[in-house]
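Chemist: Take a look at the letters that make up each chain.
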Amino acid sequence: MGRRISSVLALVCMMVLLPAWTAAQEATISGRVSSEGGLPLANASVFLQGMSVGTMTREGGTYSFTVAAANVNGQKVTLTARLIGYKAESVEITLSPGSITHDFVLAQNAVQLEGMVVTALGIEREKRSLGVAQQSVSAEELTSARENNLVNSLVGKVAGVNITNAGPTGGSSRIVIRGANSIAGNNQPLFVVDGIPIDNSATANATGGGYDYGNTAQDINPDNIESISILKGPNAAALYGSRAANGAVVITTKSGKGSSGLGITASQNLTFETPLRLPDFQNQYGQGSGGKFEFIDGKGGGTSDNVNRSWGPPLDGRLIKQWFSNGEAVPWLPHPDRVRDFFRTGRTSNTNAAVSAATEKADVRFGISNLDALGMLPTNTVKRLNTSLNGGANVNEKLNVRASIQYVKSSAHNRPGTGYDNRNVLQNVIWSGRQLDNATLSNYKNPDGSQRAPSYTTVDNPFWVLYMNSNDDTRDRVIGVGTITYKFNDWLTAAVRSGTDWYRDWRRQRYADGMIGIDYAGGAFNESVRFNRETNTDFLLTANREVTSKLGVTVNVGGNQRVNRYSMSSQGTDHLVIPGTYNIGNSAVTPEVDQEERNRQTNSLYGQAQFSYNNYLFVDVTGRNDWSSTLPAESNSYFYPSVSGSLVFTDAFPSFNLGGLLTYGKLRGSWTQVGNDADPYQLAISYNPTTPFGSIPRFSVPNQVPNANLKPEKTRAWETGLELRFLQDRVSLDATYYDKLTSNQIIPAQVSGASGYTSAVLNAGAVSNKGVELQLGATPVKTQGGFTWDVNVNFAKNNSKVVSLYPGLETVVLATYWSLTVEAREGEAYGALYGTPYLRDDQGRLITVKGFPQPDPQKRVLGHYTPDWTGGIQNRFAYRGFDFSFLFDAKQGGQIFSASNMFGNMSGVLATSLRGREKAQAIEDGGGLLVPGVNKDGTPNTTMVTAQAYFNGLFQLHEPYVYDASFVKLREVKLGYAVPSSFSGKLGISSAYVALVGRNLWLHTSVPNIDPETAFSSSNAQGIENAQFPSARSFGFMINVTP
Amino acid sequence: MRHFTISGIVPLLAVALVATACDSGLTGLNENPNAPGSVAPQYLFPNGVTSAVGRVRGGGFDLTFTSLWAQHIAMDRFTDEDRYSIRPSTIDGNWSGFYSGELEDFATIIEQTDPTESPNLLGPALVMKSWTYGVMTDIWGDIPYAEANQGPTDFTPSYDSQQDVYNGLFTDLTAASDMLGGGGAGYGSADPIYAGDATKWQRFANSLRLRFALRLVKVDEDKARAEATAAISAGVFTSNADNALLQWPGDGTNDNPFFNTFRTRDDQHVSQTLVDTLKALYISIEPGNDTIFDPRLAVYADPIVSALPAIVYRGAPNGLQDEDAIAIGLTNTSRVGAAYRQRDTPSILMTYSEVLFDEAEAAQRGWTGGDAASLYADAIRASMQYNGIANDVIDAYVASPRVAYNPATGLTQIALQKWIALYAQGADAYAEYRRSGVPNLQPGPAVITDPKTVARRLTYPLAEQSFNNENLQSAISAQGGASLNDRVWWDVP
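The listed protein sequences derive, respectively, from chains S and W.
For the first sequence, the numbering used here gives the first residue as 1, with consecutive numbering after it.
For the second sequence, the numbering used here gives the first residue as 1044, with consecutive numbering after it.
Just so you know, the hints here were simulated from the structure itself, not pulled from any lab data.
Do not rely on the hints blindly, as some may be mistaken.
Here are some of the chain S residues that sit facing chain W, going by a computed Cβ distance under 8 Å [said to hold, decoys possible]: (1) Asn586; (2) Arg845; (3) Asp856.
What the simulated footprint calls covered on chain W by chain S, stretch by stretch (three residues with Cβ under 8 Å from a Cβ of chain S suffice, anywhere in the stretch; the number is not a length) [to be verified]: (4) 1292 to 1299; (5) 1303 to 1309.
Here the structure is a predicted model, which is why all the values come from computation and not from measurement.
Backbone N, C-alpha and C define an ideal beta-carbon position, used for all residues, glycine too.
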């Protein structure tokens, strides 16, 4: 056996290419499979129907297999090529000795209704047998107009998946399928790579500040992915038990499996990024207050020279002493493009190469990919290197081994700061004078090394922030999995698998001596290391028998042990002795240190039984029992069942075909009950160590009351769906209705502080989500001449409702932002924005006092961050090697509280803050505005107020700054050309594909000044925004070559 | 061999996994490795003390409400709370911070500590609890007290009347005074106020009792008198060495809260009311405008920057519109004196001078046999000595006709000097102003109180509307309203 393995290894490692040999009587069938867009398609299966002969295409899309002489009789056979995410193509060929060549061009198919798909636990199933909703996304869809974050590349493509991108390159994205189930817990799906769950946590402050380190699933290289299977909810994911409630994103990476030989591909993407939208600024008034400004010392020594707002004199070229003019009065002028010019054109380069090789018994694939991005923010870079090795071998006819390992190194330098934070340069843009000029600002250092800034209270020079401070981070990550499969006989198989996702995440922030808005005298730094590991070991026994010729049974029985360990330690200081030496020994004050460790384990047993009748009626039953370390010992065992069924009624009742219109029809339904885990250490009180007071150690009573009787959250869900194909498959439709109710919510419920605690962990409350999902695929035009037009539409509408909370508890606050709270409020949709409205009389008129609108002392729900519906429309045109596609996606409904608009008006920098000072600022000069409202006695308001006082007063209100967050985006555009092999051959290239690509090219929204698709983090605290980093409009090209 | 190995391994592994699928070993994994499940009082006590003092004398309370409303300090921009236009979050955080922070630490100690075994652990906790509740009830009136800090058994505590709260304070302070000094260890070096000196805690308990007694003069003079005389005879502060101070280490992590506020911001300056009052109490007027003012002016305030090198003090008016406050300019009004915003400046819980003012008032009211005039002068002397004023200057000041004691106006003089001495103790200055009406504070021009008056209390937090509304509403109706102009129980016109 040892000899055999070493010979296999030799095969694998040397990537030996065994030339296919053919005897005269055999038939050799070969060719290429490519997409309509001309991209070579690897891992497509090509086979002869009814003969159990076939192979898979290798890297580069080529395939080749032989049919034994005995089976070659000159008969007509059907040769079929199919691949997840594409429509299968078949052709009739005559099977005679010798070589037969056929190339396939497969059309993308967002609405896949048949073929093999990946389901929970990585089990491959015939789609027609599924009683649940599932959608596959192909490799091409991920890499054509590519996104660096694989979560973002799903935007607009999958019905029912709601993605919110938090901003800059490398930032985090939130993905929620079919609405949020959990009030305060995790609402994002489980990510699984080759059967191994991986971490997708994200470190970013829920209400901004600091830096957004991104969601960790973006470490997975899209080039390395063969397909993604989205299990859209608890029903499809039921076998994941206590992690099933939010659905699952099951990723299969590319392997070398397939026809013998060597495959090589290489690709290069290069795109350029510019801000999609920047605020619309005013250019009429400069820095100051009450129309006055004169710089003396920037600390209030002059006239309003400590005021970082634009309520100063008109920018008419008058002579005023300014911050850079050394006491001289110089022209006072606007610099309209100062903010735009502050950014640079970003550049993202993606280089990818892969080699695969296979023999009849072994296969291997090696991929390497390098991402190198220059952010739009000067000095910001993001890099990612992915390497992967995936190999397998049939040691003998019964034993198969497979292993894959990925190493990822992600790093970033100078990530943009976020939110209301002096480290966010966009914050300095909002609190500034409109006369400021990059030419003078960029000289940010005085000769003595101190900061040179337009004022010396509260706001820093953005160039100082950019060039004097730095932040760096690196994540080294290894994801490895090994599987041994043993086939006892033709119906019984056993597999044992073990895999680990491990990473080390190192972060460092440095702040130079001399910040103005934050006291980092001497300089400051923080350095932290996080280790995260999840190891899963499982086994699966599969028995597959045909009981009768019509009745088939497949039984899977398995078990899993999951072990998680997380640890973090950090050290830092706010003050250094010697500036510039960022070492903890150089701290001038007691250093800040932090340490945390989290451990958990879950053991599970599960089983699944599938019954099929006549290949048109299918019934599945699954069950899983989890034992969790995070629950009380006496009640830590939970059972999660599911049942589902599907009926292909067009096969069961062939006469039901709507007069030939209907070619395929399936009805499905499913019921399940699954869980959502509790976090560790929530059962018993533990006292928090706080920093020592001098030399006195301190501990505090925690603010949260634990719960010794904690139960996991429970999601009960059912769904039903209809899958139809019409007109010889020119039109496909997949429709789903679902209904979920998540109860036993683990709520850190806010309670009256007078109880001695601010929150209590409760098991109470329920959230329901009901909705529909539609996917429609159509080929309106397909001509003999080779022109095709495909349309894919997806649409999802989800109604969420917080059905109940704890008795006496009206709301659970998810986040507080400038006194507005994001809440799960009883009777409302999840994510209510609860804030201060205008005070109105019973006729709805604004009540004014001294001319000013007033805050209503009673807060109320001003909106919800959850959209009413989401959708996407993709059009694809292909003609003779050319393809052109574009994707629009939309979110309709949902609101956002924009503090950028609030502070931008308060500070007078936005064009909207010109209201009431179009001509002049002072009332006596003809400025001011009259708020349409009534006095307390009901008489009309006649008191003019200045714009400055008006917008300053609005700060107490939220209603003016809660906007409808609906938007439509032109998400992706691609124009590609497959270079004819007749031409590329001359260059020694077997195939080449070039394309122009664009992302986020156009935005339509009614929200002023910002892109409403924004968030501080991927947490449940959504629908709030301040000083956002502009989203990127990107444009570039890609080239894909197979030598 | 091969068949045996492979077909054997798989079921074996399967069995192994099944065997581990029971719950043994899982529970131990859920013991929190980051924090202990129980801690001794000496670790909670310093946390509670530093949290309480940091809050009451900190930027989010003293420099947001009480020192502004006592008109010791004025906002030079972001004038919202200075105009009584309160951002709700500024109240919510203080309310829940008081209860879930320091009061929960003290409640845990009180619950776990036996009065006969460990009186010197329990006593200081009772004193600090009372000090904290005194601040709270003075600014909010009726508050949860008897039923507070009883989560998880009670998440919606009912409110007690201010009278009941005061009765509770007197009971606790009396008990603390009685038990302190008995057997058993104290906090020792874990006590950041008195380093475990039980006698000083006992004097602090009695001094606080005296403070609270005098608050009740207008509403229940008999009670005030009884508690005050009992407190004095039980033994109050006897010198500035007894002052209850929290000495901040100034190590960058534990810095004076004024320092923390002022190190990056310059939004609060000294109030015009205080500056003008100190100027009016001048020792002498010299030719050439070289006037010698109340010497504490130079400690409480910095000279204005625009007049330097000339030494000029000017206060900022309270209660202006934001743009009017900005228009004055930061260099034209005085910053808080440097001595009060150093990294390691102590925060004051209570001083000897306040005790002497209280004793002077008790004497003036005829409750004790003390000499009001000398107690008054000693009180000023203690205040000035605390502020580092030389004795000869103090003598001249006390003797000046604007300061010298006159029994006919004694109570007003005591109140005015006490208000001055309570600098950087906004909660107490604001309470004393409301009780005495001295000095005669005027509302700023842009205040939102209707009719325009100096606010008489802080409104309740919005969070209580959400989480404890029934009890909140009955407390509001029991007090006949709880808006800015509604007086607390002891605040009788």
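Chemist: Now, for every hint given, state plainly whether the structure supports it.
Modeler: Evaluation of the provided hints:
1. Taking 8 Å as the C-beta contact cut-off toward chain W, the hint placing Asn586(S) at the interface is violated, the least distance being around 13 Å.
2. The interface hint given for Arg845(S) is broken, as the beta carbon of that residue sits about 20 Å from the closest beta carbon of chain W, more than 8 Å.
3. Violation of the interface hint for Asp856(S) is found here, the shortest Cβ-Cβ separation to chain W being roughly 12 Å, above the 8 Å cut-off.
4. Only residues whose beta carbon comes within less than 8 Å of a beta carbon in chain S count, and the stretch 1292 to 1299 of chain W has 5; three or more means the coverage holds.
5. Under the rule that three or more residues need a Cβ within less than 8 Å of chain S, the assignment of the stretch 1303 to 1309 of chain W holds, with 4 such residues.
Checked against the numbered hints given earlier, this structure breaks hints 1, 2 and 3; the rest are met.
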